[in-house]
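Enquirer: Residue strings, one per chain:
There are 2 protein chains.
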Amino acid sequence: DSILVINCGSSSVKFSLIKPDNGETLLSGLAERLLTDEAVIKIEHKDEKKSYQLTSPFNHQTALAVLVEQLQSLNLVDNIGAVGHRVVHGGEQYSKPTLITPEVEQEIKQLSALAPLHNPANLIGIKACQAAFQHLLQVAVFDTAYHQTMPEKAYIYGIAYSLYQEHAIRRYGFHGTSHYFVAKQAAKQLNKPIEQCNLISAHLGNGCSITVIKNGKSVDTSMGMTPGEGLMMGTRCGDLDSGIIFHLVNSLGYSIEDVDKLVNKESGLLGISGLSNDCRVLQAAMIDDNNEQAKLALTVFCYRIAKSIASYSASLTELDGLILTGGIGENSSWVRSEVIKQLSLLNFVLDEEKNEATRFGASGNIATSSSRPCLVITTNEEWVIAEQTSQLLTNNAN
Amino acid sequence: DSILVINCGSSSVKFSLIKPDNGETLLSGLAERLLTDEAVIKIEHKDEKKSYQLTSPFNHQTALAVLVEQLQSLNLVDNIGAVGHRVVHGGEQYSKPTLITPEVEQEIKQLSALAPLHNPANLIGIKACQAAFQHLLQVAVFDTAYHQTMPEKAYIYGIAYSLYQEHAIRRYGFHGTSHYFVAKQAAKQLNKPIEQCNLISAHLGNGCSITVIKNGKSVDTSMGMTPGEGLMMGTRCGDLDSGIIFHLVNSLGYSIEDVDKLVNKESGLLGISGLSNDCRVLQAAMIDDNNEQAKLALTVFCYRIAKSIASYSASLTELDGLILTGGIGENSSWVRSEVIKQLSLLNFVLDEEKNEATRFGASGNIATSSSRPCLVITTNEEWVIAEQTSQLLTNNAN
Ligand SMILES: Nc1ncnc2c1ncn2[C@@H]1O[C@H](COP(=O)(O)OP(=O)(O)O)[C@@H](O)[C@H]1O
Ligand SMILES: Nc1ncnc2c1ncn2[C@@H]1O[C@H](COP(=O)(O)OP(=O)(O)O)[C@@H](O)[C@H]1O
Numbered sequence: 366d367s368i369l370v371i372n373c374g375s376s377s378v379k380f381s382l383i384k385p386d387n388g389e390t391l392l393s394g395l396a397e398r399l400l401t402d403e404a405v406i407k408i409e410h411k412d413e414k415k416s417y418q419l420t421s422p423f424n425h426q427t428a429l430a431v432l433v434e435q436l437q438s439l440n441l442v443d444n445i446g447a448v449g450h451r452v453v454h455g456g457e458q459y460s461k462p463t464l465i466t467p468e469v470e471q472e473i474k475q476l477s478a479l480a481p482l483h484n485p486a487n488l489i490g491i492k493a494c495q496a497a498f499q500h501l502l503q504v505a506v507f508d509t510a511y512h513q514t515m516p517e518k519a520y521i522y523g524i525a526y527s528l529y530q531e532h533a534i535r536r537y538g539f540h541g542t543s544h545y546f547v548a549k550q551a552a553k554q555l556n557k558p559i560e561q562c563n564l565i566s567a568h569l570g571n572g573c574s575i576t577v578i579k580n581g582k583s584v585d586t587s588m589g590m591t592p593g594e595g596l597m598m599g600t601r602c603g604d605l606d607s608g609i610i611f612h613l614v615n616s617l618g619y620s621i622e623d624v625d626k627l628v629n630k631e632s633g634l635l636g637i638s639g640l641s642n643d644c645r646v647l648q649a650a651m652i653d654d655n656n657e658q659a660k661l662a663l664t665v666f667c668y669r670i671a672k673s674i675a676s677y678s679a680s681l682t683e684l685d686g687l688i689l690t691g692g693i694g695e696n697s698s699w700v701r702s703e704v705i706k707q708l709s710l711l712n713f714v715l716d717e718e719k720n721e722a723t724r725f726g727a728s729g730n731i732a733t734s735s736s737r738p739c740l741v742i743t744t745n746e747e748w749v750i751a752e753q754t755s756q757l758l759t760n761n762a763n
Numbered sequence: 366d367s368i369l370v371i372n373c374g375s376s377s378v379k380f381s382l383i384k385p386d387n388g389e390t391l392l393s394g395l396a397e398r399l400l401t402d403e404a405v406i407k408i409e410h411k412d413e414k415k416s417y418q419l420t421s422p423f424n425h426q427t428a429l430a431v432l433v434e435q436l437q438s439l440n441l442v443d444n445i446g447a448v449g450h451r452v453v454h455g456g457e458q459y460s461k462p463t464l465i466t467p468e469v470e471q472e473i474k475q476l477s478a479l480a481p482l483h484n485p486a487n488l489i490g491i492k493a494c495q496a497a498f499q500h501l502l503q504v505a506v507f508d509t510a511y512h513q514t515m516p517e518k519a520y521i522y523g524i525a526y527s528l529y530q531e532h533a534i535r536r537y538g539f540h541g542t543s544h545y546f547v548a549k550q551a552a553k554q555l556n557k558p559i560e561q562c563n564l565i566s567a568h569l570g571n572g573c574s575i576t577v578i579k580n581g582k583s584v585d586t587s588m589g590m591t592p593g594e595g596l597m598m599g600t601r602c603g604d605l606d607s608g609i610i611f612h613l614v615n616s617l618g619y620s621i622e623d624v625d626k627l628v629n630k631e632s633g634l635l636g637i638s639g640l641s642n643d644c645r646v647l648q649a650a651m652i653d654d655n656n657e658q659a660k661l662a663l664t665v666f667c668y669r670i671a672k673s674i675a676s677y678s679a680s681l682t683e684l685d686g687l688i689l690t691g692g693i694g695e696n697s698s699w700v701r702s703e704v705i706k707q708l709s710l711l712n713f714v715l716d717e718e719k720n721e722a723t724r725f726g727a728s729g730n731i732a733t734s735s736s737r738p739c740l741v742i743t744t745n746e747e748w749v750i751a752e753q754t755s756q757l758l759t760n761n762a763n
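Protein chains in written order, with our numbering: chain A, 366 to 763; chain B, 366 to 763.
Take these hints with a grain of salt, some might be off.
Each pair may be met inside one copy or between any two copies, as identical chains are not told apart.
What the hints assert, rightly or not - Taking lysine-lysine pairs in the BS3-like style, the calculated list, with each CA pair at most 30 Å apart, reads:
no., residue 1, residue 2
1, Lys557, Lys706
2, Lys461, Lys557
3, Lys660, Lys518
4, Lys582, Lys719
5, Lys557, Lys518
6, Lys582, Lys660
7, Lys518, Lys719
These aren't lab readings, by the way, just hints derived from the structure by calculation.
Let the hints inform the model, and build the full structure from the sequences given.
Expert: Structure below.
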């Protein structure tokens, strides 16, 4: 059996049909620009890419109806064992993949208070799949779940404790599925049981986060109650003096909505460079055009990654290695080199040749033999979701 | 000659008369509860402590008039060479102690945009001293000055670059006078020229900050545009997911003033413990009464100090040692032990006996002989202000 993996955003649906045992992708694709008359769905199957304009209503349901049609015409529907949904916020309630029942839907909805942009979109995907695949069980795999092992000292903010007790304001962390996957892969590469592995994992994509893993478990992470905390990212500023927010509002005439938009959509690599949120574009501008702002944006980005990685050495007494993943971690030898150069006091030393060679899907250790390992690992959240969905069904059946 | 050192807050004036060559304090004291009818001034001279109720008007001028009277009756006025003022925010303009002219006053006033609570109070002190000591030169020593050597990668926030260019929004850092003083002392103890010293300095008082010092110069620090960023402190939360601020305003009905008050006055040790902002009180509650909230507050406090110290290993390629100063750093063996325990990957190992012995004004290395040094140093910002004021006058005279 295969598992249909769904990652639903407010105006997009990413999907893939995956074999849970080996991660093989049978079909994948993306519906985007939903809720506009430019809505489109792209489906990839065995090297063949197709694209369809959607007809009205231009919504998630219509997109899934096209997907069902295609799955039927490719004879793939009958082998689907279940649907696995990426759900962003599971609060303190969910530390494991969970079969979606009406009660669970209700809780995911309530958790929207903590993730107003994400959970409602995830619920739209769940509803649409329930309609499209009435006979299939639906499973929620939470982006926060892996971090539920964090100790109190890592998840309690320095504010009134009642805000935690009454309003669940605490660190949750995100990218959990990715950090979990790459940690497991790293354990294999290090030839050590995951339960004995102490690692620092850097997921560097459009969103960026660091997780520190002690004996296989997440014990701290840089994203917080929301995915805006911690590292600087494509368009998010990450950590920021809250006095700046008060200053923007009190002295510079910003509304709180303006500030929210500024720090989440117009900051980060884009904000400093004034050019792009895309690492590739900035690298090209820096190297080919000597663009100083692009260089500054990338330099700040890397320094903050290095500081964050280094900070988590305080969470461990042993450290087996560093993991680099996500679009930037897997591909940008420049960023990796800048970051690892700044980690010499933690005994990380880059092998420049291996660094250049390990890109575009290649994986392996890019450090010298005397250094702690620096493992480049291609993440695969979809596979984890398929695997965990499949396991839950097996356990449920037994 | 001696120097009168003034540290003026909105409702208080701290003062001391100091010999710049050796730091000897001839007289010191504090006027507090100013602008209320409980205004009082306390003066200490040669082990004798006196306290006077002020008469109306209960303001800074009246307080200084009482001080002048006392200085006269003790025959101390004629030896005062100048007045040195602690000024909190010097922006990018001031990286050195500066003779106060009308232009400088104007700039300090303009910098109030960045430090609305502090710079106006500092100006009140300057005005009052100009009236009280008309024949004396006044010098400003800025809390931000020592950090003006930070590189761009440390001071640029991950937001639109125009906010730096047009509104001077960047990291400035504070406690500069203290970090500078303890770094110089550490260099002496390490028997190395300060220009060759690489240190991480933790100033832990009511306000808390970490500074990383490369070849004697500040290259990064945890406080930011305002003194609210970075570590958790007595009543300030330090780093906080900005998404929490939006959540408090958008979902929980806080005004921006409420949030400002929450994060600056009701958070930190006080916020988590619900008991006190005072480290001593919390330690007693934790040890004598098994108070869990006090323990949690102190545990989070220490973990965050350790993470911040560790993060600055990314700013250095060599590290000569750690400095602990401020009321907590100088006295709390419990906090020091908790912090240093979490720095083993950076090769810091505490000597428990030395740790217990080095308190209440004692200074020295509390690490084992195989560890990097951990130096407890009693800070003395007043001495630095006196010294720098005196030097400026000497240089001016030549
Ligand atoms: N060859 C490359 N060199 C540098 N950066 C790259 C390269 N390929 C992809 N990236 C960067 O990866 C980022 C996107 O990462 P990805 O993990 O795909 O995003 P998401 O977080 O949305 O899943 C972009 O900033 C992109 O520029
Ligand atoms: N013996 C002690 N043990 C623990 N903490 C102490 C001790 N003495 C002072 N402190 C703490 O030092 C802090 C005040 O530090 P200080 O540097 O004097 O403050 P400020 O930043 O206002 O100058 C308080 O939290 C106080 O509890």
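Enquirer: Compare the structure with each hint and give your call.
Expert: Hints, verified against the model:
For the identical chains of this complex, Lys557 and Lys706 are neighbours both inside a copy (26 Å) and across copies (26 Å), given an alpha-carbon limit of 30 Å. Taking identical chains as interchangeable, the C-alpha atoms of Lys461 and Lys557 lie at most 30 Å apart only when both belong to the same chain, with a minimum of 24 Å there against 55 Å between chains. In this assembly of identical chains, Lys660 and Lys518 lie within 30 Å of each other by CA distance solely across copies; the values are 10 Å between and 36 Å within a copy. Proximity of Lys582 and Lys719 under a CA criterion of 30 Å is satisfied intra-copy only: 29 Å inside one chain copy versus 35 Å between copies.
Proximity of Lys557 and Lys518 under a CA criterion of 30 Å is satisfied intra-copy only: 28 Å inside one chain copy versus 37 Å between copies. Proximity of Lys582 to Lys660 under the C-alpha cut-off of 30 Å is restricted to the inter-copy arrangement: shortest distance 24 Å between copies versus 36 Å within a copy. In this assembly of identical chains, Lys518 and Lys719 lie within 30 Å of each other by CA distance solely across copies; the values are 27 Å between and 37 Å within a copy.
Violation of the numbered hints given earlier is absent; every hint is satisfied by the structure.
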